[in-house]
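A.B. asks: Keeping the supplied structure of chain A fixed, place chains B, C, D, E and F upon it in accordance with the hints.
Protein chains in written order, with this note's numbering: chain A, 1 to 182; chain B, 1 to 182; chain C, 1 to 182; chain D, 1 to 182; chain E, 1 to 182; chain F, 1 to 182.
Among the hints, a few may not be true.
Intra- or inter-copy, both count: the list cannot distinguish identical chains.
Stated by the list, open to error - Pairs of lysine-lysine residues, derived as DSS-like cross-links and limited to a Cα-Cα distance of at most 25 Å, are as follows:
1. K41 to K181
2. K158 to K181
3. K41 to K110
4. K110 to K173
5. K158 to K172
6. K41 to K173
7. K110 to K172
8. K181 to K110
9. K172 to K106
10. K41 to K172
11. K106 to K158
These are computed hints drawn from the structure, not numbers from a lab.
Owing to the predicted nature of the structure, the values given are computational and were not obtained by experimental measurement.
6 protein chains.
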Amino acid sequence: MASHHIVLFGLLALSFSLVLATDNNPLFDICVPDPKSPGSKVTLLNAQQIPGLNSLGISFARIDFQPGGINPLHLHPRGSEILTVIEGTLEVGFVTSSPDYRLFTKVLQKGDVFVFPAGLVHYQKNPEHVPAVAYASLNSQNPGSILLANTAFGSTPKINTDILVKTFLLDKKVIRHGQQKF
Amino acid sequence: MASHHIVLFGLLALSFSLVLATDNNPLFDICVPDPKSPGSKVTLLNAQQIPGLNSLGISFARIDFQPGGINPLHLHPRGSEILTVIEGTLEVGFVTSSPDYRLFTKVLQKGDVFVFPAGLVHYQKNPEHVPAVAYASLNSQNPGSILLANTAFGSTPKINTDILVKTFLLDKKVIRHGQQKF
Amino acid sequence: MASHHIVLFGLLALSFSLVLATDNNPLFDICVPDPKSPGSKVTLLNAQQIPGLNSLGISFARIDFQPGGINPLHLHPRGSEILTVIEGTLEVGFVTSSPDYRLFTKVLQKGDVFVFPAGLVHYQKNPEHVPAVAYASLNSQNPGSILLANTAFGSTPKINTDILVKTFLLDKKVIRHGQQKF
Amino acid sequence: MASHHIVLFGLLALSFSLVLATDNNPLFDICVPDPKSPGSKVTLLNAQQIPGLNSLGISFARIDFQPGGINPLHLHPRGSEILTVIEGTLEVGFVTSSPDYRLFTKVLQKGDVFVFPAGLVHYQKNPEHVPAVAYASLNSQNPGSILLANTAFGSTPKINTDILVKTFLLDKKVIRHGQQKF
Amino acid sequence: MASHHIVLFGLLALSFSLVLATDNNPLFDICVPDPKSPGSKVTLLNAQQIPGLNSLGISFARIDFQPGGINPLHLHPRGSEILTVIEGTLEVGFVTSSPDYRLFTKVLQKGDVFVFPAGLVHYQKNPEHVPAVAYASLNSQNPGSILLANTAFGSTPKINTDILVKTFLLDKKVIRHGQQKF
Amino acid sequence: MASHHIVLFGLLALSFSLVLATDNNPLFDICVPDPKSPGSKVTLLNAQQIPGLNSLGISFARIDFQPGGINPLHLHPRGSEILTVIEGTLEVGFVTSSPDYRLFTKVLQKGDVFVFPAGLVHYQKNPEHVPAVAYASLNSQNPGSILLANTAFGSTPKINTDILVKTFLLDKKVIRHGQQKF
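Extracted from the complex, chain A is given alone in its bound form (with noise of 0.2 Å):
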């Protein structure tokens, strides 16, 4: 799979609203490589990036994996994602809420399907020493992500250190170490 760009093509607002491009070229081409990403790049297109999919209630994204990359603990706030893994092999779970904070994982080969239910938190790991991709549908135009570690920590402005010491019951000292890393 050596492209590692996405096209999207053929939206139209309802059917009236016309925005389909009539070359062969990509619409656009997002790759926002993370630096503080350990691994993984997601290549998202929802509706703000493209008009068309305003009213239709459906967003799609790529994920790239290095050899043991992780897309770290985060969540969609408003959205269910459904996941294939279409290179590689991923280790995929997420929690459940209150009261039962319930993991489910699994490992998940080529072809394989996983669903994240809307706002709960997860995560996917590639376990091994060749790259993966995965493709993700979300049911929301505009799910939002939420990364738990760049919220906690690397918020603007900070949360105060007292908050994130009683959230997490860690000591001050490691708390503000983890927000320098953010």
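C.D. replies: Same frame as chain A, now just chains B, C, D, E and F:
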């Protein structure tokens, strides 16, 4: 892409009714070759097959195309579809609703993404001499599927010939010929 | 029933943006005779024509049938329809989705009511030698309408012949003949 | 328009649970003359009476008006209503919500259409000396109906008189008189 | 509870259009004493007043009751209400829809919670000789509010007397008396 | 505010399945002190506890804060929250989603109102030396609740340490220390 089954793991209806399997075997494996389908095979996962999808508002399908194979004119009455080409090349198209009936077509390569708005008639075709594979997600747990020809010519019981004659403006003999094919 | 126009009064988008007319004249009067329609005329009121319907989730259509007239196979991608016979007699039918494709038909007299589920293909026919009239309401302010034959044979541009041949399993010559009618 | 019953055919909940009758007799025939109704009779079809309407989001009512008859002030808590005059003439009106309380009225002739937004108080009156008939569709399978006077004066048990006195700013004697009517 | 204003902070429409104030002053302070309200004052925050509530589907009201004060019969056309007593005691009630018109009443103490289903007519009364305060949340950003008496007697223009006479089955003189109060 | 239980009366699923209690006793009284919660106690009423809330789309929670108490970082996967301070003072904050991760904070006094958008991570803290009380309503009958730390460190079974290390960019030793606290 040798594996031709679809495996769906890890579903749960909200966070309290668990239906997850705990072993590595696929929960189910549906491969319904349709003898009338001209060169394509659709394998669908929806909420009727998997109770856990009940409250998640999303479903999934894998479509395998033989060389030159076609997924003929059809629509989904309850869901938009986002399609990704996994292997090979696909020519896709959909037609907008009355009064425009605009046809939009595109040739998609591996990795390309396309969206079919809810309820609109569309098709996919593999124009090459090698197989193609696509994955599709729909933003409903029960999107439904309606093949135009099966509806018009293959219903049980058959639609009266005069309705079909006046729908398609074709000779009664042609209509009867079409009905015999389904 | 001599009056052949439809008049829609008294709409307002929520309770603050008023679009009400203050005189007795009709707000608009749409009568779009379709030369290709085999004996029926659909007059539709939806939110594109009437901004006040924008937030109300409902639309309306009047269908006039000549003796023997047919409203041919079609569907509404975004709405269920409830139909009432106002004058004369109507034979109606719809086909369920895959894999059953069950046809349900009924002969309706004046005053009878019938429901067509959202997105399913249906038709109406006046089997008598006198005109018939029906009123239809749909639970969407923009339900859309898709005539099967216009979509298959009459789009702009035309759908490739081989797609149609494999959709309907008919000869290329027959398909081209059908395309010339639209 | 001699037939005073309503017949509803052809319902099915999605495409798998069929409730269709196979003969020509009406599935049911509800005619509930309300002795307190001042000259009108509402015959409603909703999802409680017809399980097939469960997933279709639409319901239907026929309203028969005697000469001078009134369908008094009422509202539907869960649905917008689109009304068509089938026979005779109707004066209709609705009042917007706080703080405007604007009254919109219109005289409708046979064939005219009017929309009452969800939850707003409205009425219909036959101002002529011949009967009138209207058909109404609502965009909910269970829209509900609330007559203002039955709610205020005719509940079980009765609302305390002081609440009614302070609601309507009328004498306690008048309120008690009103309560005795219901 | 000396502070009689309501302050609403921190709203944002999704996560990209920020409307947050950055100082400690209240964003707004609405106190609309209604001279006709018999002893209660409703202060409502909804999406018309606060653009940030537009996509959040929730609104809020504070209700202050004088000793013996009443929030008279009213309904919200687009939202269920959950009410909490903050100070004092409240007698509350609502009436179900046709055909039952069941009245449910309850005496609530400080800290008690009660739910009024969407679109149903309800009231609150302070039965004690000290003030009472309640907070209400509604699951719509624009739930609307309709006072029964203002709708029936106080619309602009007035509803015709004969409609009111046949709605409430009261003398024309009484109806005109009621209309003069609003 | 001496009474520390929550009482919910008067619920009914639509207008026909009644679950109302007829006496003055509370329907239920849930007070689940969480030994790990750093100084706050959440008492939630939702549709799982009260069947009558099933169709009403709203739920309620009372939150009691000890002096200096914190309701630590958490989110509700299926609902926006509107919070009112009933007693004391609260410092509140929430973080927007990727890519901004903007933190919004505010100090709320008694009577102030704040909204937390659906699915976003937020917290509340009592900064004073006296107790504080807040009431929260959510626009879902089953909004769910996810504490960040319980999800990351306290799930059953535990999330693999390497996932947490790469999520929070902290030492494995620190992560294991965090896991032991939950």
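A.B. asks: Run every hint past the structure and note whether it holds.
C.D. replies: Evaluation of the provided hints:
no.: 1; hint: K41 to K181; verdict: within (19 Å within a copy, 32 Å between copies)
no.: 2; hint: K158 to K181; verdict: both (12 Å within a copy, 24 Å between copies)
no.: 3; hint: K41 to K110; verdict: both (18 Å within a copy, 19 Å between copies)
no.: 4; hint: K110 to K173; verdict: neither (42 Å within a copy, 34 Å between copies)
no.: 5; hint: K158 to K172; verdict: both (14 Å within a copy, 23 Å between copies)
no.: 6; hint: K41 to K173; verdict: neither (30 Å within a copy, 27 Å between copies)
no.: 7; hint: K110 to K172; verdict: neither (43 Å within a copy, 30 Å between copies)
no.: 8; hint: K181 to K110; verdict: neither (34 Å within a copy, 37 Å between copies)
no.: 9; hint: K172 to K106; verdict: between (35 Å within a copy, 23 Å between copies)
no.: 10; hint: K41 to K172; verdict: between (31 Å within a copy, 23 Å between copies)
no.: 11; hint: K106 to K158; verdict: between (35 Å within a copy, 14 Å between copies)
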